[in-house]
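Could you build the full structure based on these sequences and the hints that come with them?
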Amino acid sequence: MKQTLMKATLGVALVALSGASAAIDLIGSYEKALRFDPSIQAAGESVLAGREKGIQGDALLRPQVSLSASYSHLDDRTKTNLPPELTAVIKPESSGNAHQAALQLKQPLYDAKAAAEKKQLDQQTALAEIGYRDARQDLIQRVAEAYFHVLLALENVRVVAAEKAAVGLQRERAQARFEVGRGRITDVQEAQARYDSVLAREVSAQSTLALRQAQYQELTGVPAEGLAELRAGFAPTPPQPDNLQTWQLKGSDRNTRVLAKQSELAIATAEIGKHKLAGRPTLDLVASYTRTGSKGELSPTVAPDSNRSAKIGVQLNIPLFAGGALDSRERESLAKRREAEHELMAAQRDARLQVQDAYLAVKTGVARIASLEQSVLSAGTALEATTLGRDVGNRTELDVLDAQQRLFSAQLDLAQARNDYLLGRVRLAAAAGELQESDLRALNAYLVQ
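For any residue, its number in our numbering is found by taking its place in the sequence shown, counting from 1, and adding 247.
All clues stand as given, with none of them false.
When the alpha-carbon atoms are kept at most 25 Å apart in a straight line, the in silico DSS-like pairs for lysine-lysine are as follows: (1) Lys-300 with Lys-366; (2) Lys-300 with Lys-523; (3) Lys-360 with Lys-300; (4) Lys-300 with Lys-583.
It is worth saying that the hints were derived from the structure and are not from the lab.
This is the structure:
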């Protein structure tokens with residue numbers, strides 16, 4: 248019997264341990280999303296493609312080497328009316344092979360347009376890097392939102408279930424008091440109405456939970472089961488530094504959308520330079536080696552031969568007129584640069600507003616959480632007093648139901664406030680361009696490990 252009990256206990260322990268090992272926290276969720284989410288995978292490929300732009304820019308100023316070759320066969324028969332004595336000299340038939348091979352090296356010595364284009368391609372590489380950084384920040388934010396939305400939905404289901412049990416108990420109590428003549432039918436009806444309302448909210452809460460779990464799984468590729476939950480009574484802290492202007496300056500300078508617009512402005516500026524310099528002369532160092540040869544009787548006056556030649560020199564090209572296209576492209580690029588300047592200002596404005604919104608969410612969240620924690624305590628005390636008052640005849644069943652509803656409502660408000668605070672911290676770091684994996688680790692400390 249003891250061995251059986253020990254085996255059963257060991258089995259329960261192993262199940263518990265396997266459940267604990269299957270638990271996943273915020274960092275684990277991010278790591279899974281990093282490998283599963285198609286958006287971040289696409290961003291990774293995009294940055295790889297963008298890095299090639301810099302290599303292409305370097306190639307514009309490097310030597311260009313080309314090899315060309317040709318081989319031909321000639322077979323010619325001509326009818327002539329030449330006298331026999333000339334036919335012996337000038338044959339009416341000729342045939343043979345000719346071949347040619349040429350190796351050429353070209354090194355730009357002065358090419359202002361190519362230099363401007365290289366600068367533009369370097370900026371495109373920088374833009375790709377910023378885009379990938381923005382995608383990483385976006386993934387961190389989406390993972391945090393999906394994770395905490397599941398926790399909030401779970402808390403909502405638990406609170407509604409507790410309210411359902413409490414209201415159900417009050418309904419049974421009201422029915423029992425009515426049956427023995429100590430209660431009123433209105434108390435029974437009110438309790439039933441409250442119970443029906445809670446049932447409807449329970450269905451809604453379960454539906455929301457199912458949706459949040461599906462969203463989490465779509466992002467990470469794993470079910471939203473066994474998620475590490477928030478520690479009870481964690482102490483929120485205000486933003487550091489606790490100064491809105493400092494955060495807004497960060498947003499104006501470091502926000503990834505702002506940095507992207509700055510790169511786009513630099514690209515537009517380089518485009519102007521490229522078209523301005525397109526009419527400049529170019530100077531190249533050119534070296535070539537050529538080999539030609541022939542076999543057979545290609546011509547009565549040309550004997551089979553083989554020739555080799557090598558030369559080196561400089562080549563100057565001066566564009567004279569392009570039909571007005573260069574001036575038109577320059578005007579177009581000037582307009583695009585002005586467009587990029589306005590878009591940069593708009594991005595900086597949006598960043599400041601995003602920072603302010605997130606900063607206030609964190610700042611007020613600290614005070615709101617403290618206030619709601621006290622509200623939950625007060626609502627619990629009020630429920631106890633109201634229940635006692637009902638037992639001595641000073642309060643009604645309706646008063647107890649109202650007190651219960653205030654308590655459960657305060658609990659839900661507290662859960663929502665904690666959720667808003669944590670996500671506000673993520674949004675603040677993202678708006679300031681500082682969101683990294685370390686921020687997730689900081690939030691992970693608020694979870695039960």
